[in-house]
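Sequences listed follow chains P and V, in order.
The opening position of the first sequence corresponds to residue 51 in our numbering, with each subsequent residue numbered one higher.
The opening position of the second sequence corresponds to residue 190 in our numbering, with each subsequent residue numbered one higher.
The hints are simulated quantities; they were obtained by calculation from the structure and are not laboratory data.
None of the values given here were measured: they were computed from a predicted structure.
One or more of the hints may lead you astray.
[As the list claims (entries may be wrong)] Computed spacing ranges between beta-carbons, pair by pair:
#	chain 1	residue 1	chain 2	residue 2	range
1	P	Asn246	V	Arg447	30 to 40 angstroms
2	P	Asn59	V	Thr292	32 to 42 angstroms
3	P	Lys82	V	Arg447	25 to 35 angstroms
4	V	Gly236	P	His185	30 to 40 angstroms
5	V	Leu345	P	Gly66	37 to 47 angstroms
6	V	Phe196	P	Asp178	21 to 31 angstroms
7	V	Glu241	P	Asp178	32 to 42 angstroms
8	V	Val432	P	Gly66	24 to 34 angstroms
9	V	Phe271	P	Gly66	49 to 59 angstroms
10	V	Val432	P	Gly84	36 to 46 angstroms
[What the hints assert, rightly or not] Listed below are the simulated EDC-like cross-link pairs for lysine to aspartate or glutamate, each with C-alpha atoms no more than 20 angstroms apart in a straight line:
#	chain 1	residue 1	chain 2	residue 2
11	P	Lys119	P	Glu161
12	P	Lys154	V	Glu433
13	P	Lys268	P	Asp255
14	V	Lys376	V	Asp285
15	P	Lys82	P	Asp218
16	V	Lys354	P	Asp255
17	V	Lys354	P	Glu85
18	P	Lys120	P	Glu83
19	P	Lys58	P	Asp137
Idealized CB from N, CA, C, for every residue including glycine.
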Amino acid sequence: MADKVAVKNLFVKFEGEQGNVQALENINFSVKEGEFLTILGPSGCGKSTLIRAIAGFQSPEKGNITLGKKEVTEPGPDRIMVFQEFDQLFPWRTVIDNITYALKVSGVKKEEREERAMHYLEMVNLHDFARAFPHQLSGGMKQRAAIARSLALNPEILLMDEPFGSLDAQTRSILQSELVRIWQKVGSTIIFITHNIQEAILLGDRVMVMSPAPGKIKDIIKVDIKRPRLPETPEFMKLWHQLYGLLETKRFGENGAEKNMLPGKD
Amino acid sequence: MKTFKDFFENKIIRQIIFILALLLIWQLLVSTGNYSELILPDLRSIGSALVESIASGEMGKHTAYSFYLIGQALGIGVVLAFILTALAMISPLIADLMKTITTIFHPLPGVALLPIALLWFGIGEKSIIFILVHSIIWPLILNTYTGFQSVSRTQLEVGRNIGLKGLRLVSSVMVPSAFPYILTGFKIAWSNSWRSLVAAEMIFGASGGQGGLGWLIYQKRFFLETAYVFAALFVIILIGITVENIVFAQIERLTVQRWGMVIRKED
């Protein structure tokens, strides 16, 4: 299948108070249509910067990002981001209004909005809370609503920046399996950031491992495990240890010395 | 027994009881006969002064004039405050300038500017409006600016992500997100300007036979119609309570409380 997103020779530099920091260095990869790519890396490896660059929030120093045939220059509804933060829903709108409003901005006809919003709310099992305000929802429900909003906008690609990162383990694992179910049903293309090895394997068709300071791609590994994937199986555990090994060398640098890590939330 | 206890624990009923007690003390003081009607009129004559001045249209006329002044000042103040805040949002240099100016003028009571206003604008409406605008814009700028700065980065990015830009991003994301702060700004602006108005009117008097509630109080004192002075005070208190505890409280209930966006106070 065709490449949905292609990142070529991408460099990103931050000009901070402690001088310039190379956040990303020479990043090259592509995501195929309908593919689920997880990006795995420790704090400060630039994985959030990378997904923000694809979303158009972070302009590159060098290199380019293409979506289909278009080059990415600014944020747009063809690449919808799901954030880790629970405040990504507008608190002054009800759950369904959050979705219908986004649809209105992107030019969907009035008659269609409500039905489409409801369809995706049902998909994430949140239809009973359509008229609730975000502050009445739990963290997990807020993330479901944000996912429903993203899906309703029918983007070319879904960019998920650790959306389950602030959830408790149980809610997290429920949402992981629901996300896989939804992805299999809708067939969207997804880039999913995580620092959790198990999550990376559970979700991704491929796992891209990144290393910090400066942010680089360490390796891209295909996950050849049939879905639904279970963490107890030997093949899962084998891959887990392989990825763990890849992360370990990075955490302490190539020679075992701890390297400077970037400040940042990822 | 339970209902009797509930009855006394109801906040509103308690407040009513307190007020009735105060009025009773007032009436007792008057009935001792130690105080002249000019100093402490009895409740009945205050009541009839109130009824009479409302019936003759006098109270209505003065109240309307006060509202006319404050409405004008609010209009000018809101436009100015939003223009200045917008400029501050655009450039950090203007933001610093605004912060400095706000720090200087915010603590300055409007009434203190009266002599200057007199020199600049002469006696009359313009001077009062000048003072009211002064007491409105600084708290409004301060709060709106803080509100805009506290807008969640995530929500702004969600807005840009779904395709909002420029003014539409401001009106659809920044203003509602900063609304708790903007509302606080309005509450302070209102109470500042309402207090300044009554004070300013008394010192200025009225031009061309018109005047607000402050002027009414001054006039009635001049003619030693003390009952009317208290009647006007009653109206001023009533307006204050209505706006602060009913109008603003209702707006708050329908917006920030409903949205779960109440600002957590530090203290």
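Here is how each hint holds up against the structure:
1. Asn246(P) x Arg447(V): 30 to 40 angstroms: The hinted range 30 to 40 angstroms holds for Asn246(P) and Arg447(V), with Cβ atoms some 36 angstroms apart.
2. Asn59(P) x Thr292(V): 32 to 42 angstroms: About 49 angstroms separates the Cβ atoms of Asn59(P) and Thr292(V), which means 32 to 42 angstroms is violated.
3. Lys82(P) x Arg447(V): 25 to 35 angstroms: Violated, since Lys82(P) and Arg447(V) (Cβ atoms, about 45 angstroms apart) do not stay within the stated range.
4. Gly236(V) x His185(P): 30 to 40 angstroms: Cβ of Gly236(V) to Cβ of His185(P): about 47 angstroms, so the range 30 to 40 angstroms is violated.
5. Leu345(V) x Gly66(P): 37 to 47 angstroms: Violated - the Cβ-Cβ distance for Leu345(V) and Gly66(P), about 21 angstroms, lies outside 37 to 47 angstroms.
6. Phe196(V) x Asp178(P): 21 to 31 angstroms: Violated, since Phe196(V) and Asp178(P) (Cβ atoms, about 39 angstroms apart) do not stay within the stated range.
7. Glu241(V) x Asp178(P): 32 to 42 angstroms: With a Cβ separation near 60 angstroms, Glu241(V) and Asp178(P) fall outside 32 to 42 angstroms, so the hint is violated.
8. Val432(V) x Gly66(P): 24 to 34 angstroms: With a Cβ separation near 48 angstroms, Val432(V) and Gly66(P) fall outside 24 to 34 angstroms, so the hint is violated.
9. Phe271(V) x Gly66(P): 49 to 59 angstroms: Between Phe271(V) and Gly66(P), where Cβ atoms are some 33 angstroms apart, the hint is violated.
10. Val432(V) x Gly84(P): 36 to 46 angstroms: violated, 59 angstroms
11. Lys119(P) x Glu161(P): violated, 32 angstroms
12. Lys154(P) x Glu433(V): Violated, at about 36 angstroms.
13. Lys268(P) x Asp255(P): holds, 17 angstroms
14. Lys376(V) x Asp285(V): violated, 25 angstroms
15. Lys82(P) x Asp218(P): Roughly 31 angstroms between the alpha carbons, so the hint for Lys82(P) and Asp218(P) is violated.
16. Lys354(V) x Asp255(P): violated, 35 angstroms
17. Lys354(V) x Glu85(P): violated, 30 angstroms
18. Lys120(P) x Glu83(P): The given pair, whose Cα atoms are some 15 angstroms apart, holds under the 20 angstroms limit.
19. Lys58(P) x Asp137(P): violated, 32 angstroms
Hint violations for this structure: numbers 2, 3, 4, 5, 6, 7, 8, 9, 10, 11, 12, 14, 15, 16, 17, 19, all remaining hints satisfied.
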